[in-house]
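Use the sequences and the hints to build the structure in full.
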Amino acid sequence: ESEDDNDVIERMMQSLIEITDILGPAIYVNRLDQILLLINNLLENKNFNVDHEDKGEGDFEDVEGEHDDEEEIDHNEMVLANVTELITGIARAIGEDLKPHFEKTGELLFMHLEDKYPMRDKSLCIGCLAECFNSIPSLLKVCFKEFYKKVVAIMKSEKNEE
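Note that the sequence shown covers residues 1 to 162 in full-length UniProt numbering.
One or more of the hints may lead you astray.
[Unchecked claim] Lysine to any residue pairs mimicking SDA-like chemistry, simulated, CA-CA at most 25 Å apart: (1) K116 - N76; (2) K116 - I136; (3) K149 - D115; (4) K99 - K141; (5) K99 - N6; (6) K122 - I136.
[To be verified] What follows is a set of in silico ranges between Cβ atoms, one per label pair, in the way DEER data are often shown: (7) D74 - D97: 29 to 39 Å; (8) V8 - R120: 20 to 30 Å; (9) K104 - D21: 19 to 29 Å; (10) G127 - I22: 20 to 30 Å.
If you are wondering where the hints come from, they were derived from the structure by calculation, not from laboratory data. Built from N, CA and C at the ideal position, the CB exists for glycine as well.
In structure tokens form, the structure reads like this:
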């Protein structure tokens, strides 16, 4: 049942991305707050790839009736990829009109740049934020310095781990 829920979430996000590409900004009239609430809820998911990077293959257990942890990571990664793609699609579609609604979503994307998240999550969120800066230039004035500091810190920490 939970696996079916995961598939529904993935398909729903992919459909929203396709609809955004086809219809453009018209689909967000009177719906933007609802769609961003959905996005924010998915970004806030407490099981969203946290601490999975440090586990070795031998740490995953198959318990009958539960998800395989590797499968859950794949699902979470797919959801995050779809969420970030949808955010960038919305930013491209409505541009500066997204800025007043972006505060919470931006905070959640920045949250995924913390050390506890795997590099693949960080790279998706870095790309998403960069695309949002491109589509919403006024965001650069508000949060680029913090973004730049986080990216440099990530690069330094990854370089030190090599």
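Evaluation of the provided hints:
1. K116 - N76: holds, 15 Å
2. K116 - I136: violated, 28 Å
3. K149 - D115: holds, 13 Å
4. K99 - K141: Status holds; Cα separation ~12 Å.
5. K99 - N6: Not satisfied, since the Cα-Cα distance of roughly 30 Å exceeds 25 Å.
6. K122 - I136: holds, 20 Å
7. D74 - D97: 29 to 39 Å: Once the Cβ atoms are compared, 34 Å apart, the range 29 to 39 Å for D97 and D74 holds.
8. V8 - R120: 20 to 30 Å: Given a distance of about 23 Å, which is inside 20 to 30 Å, the answer is holds.
9. K104 - D21: 19 to 29 Å: Roughly 24 Å apart at Cβ, these two residues keep to the hinted range, so it holds.
10. G127 - I22: 20 to 30 Å: With Cβ atoms ~22 Å apart, the hint holds.
Hint compliance for this structure: hints 2, 5 are broken, all remaining hints hold.
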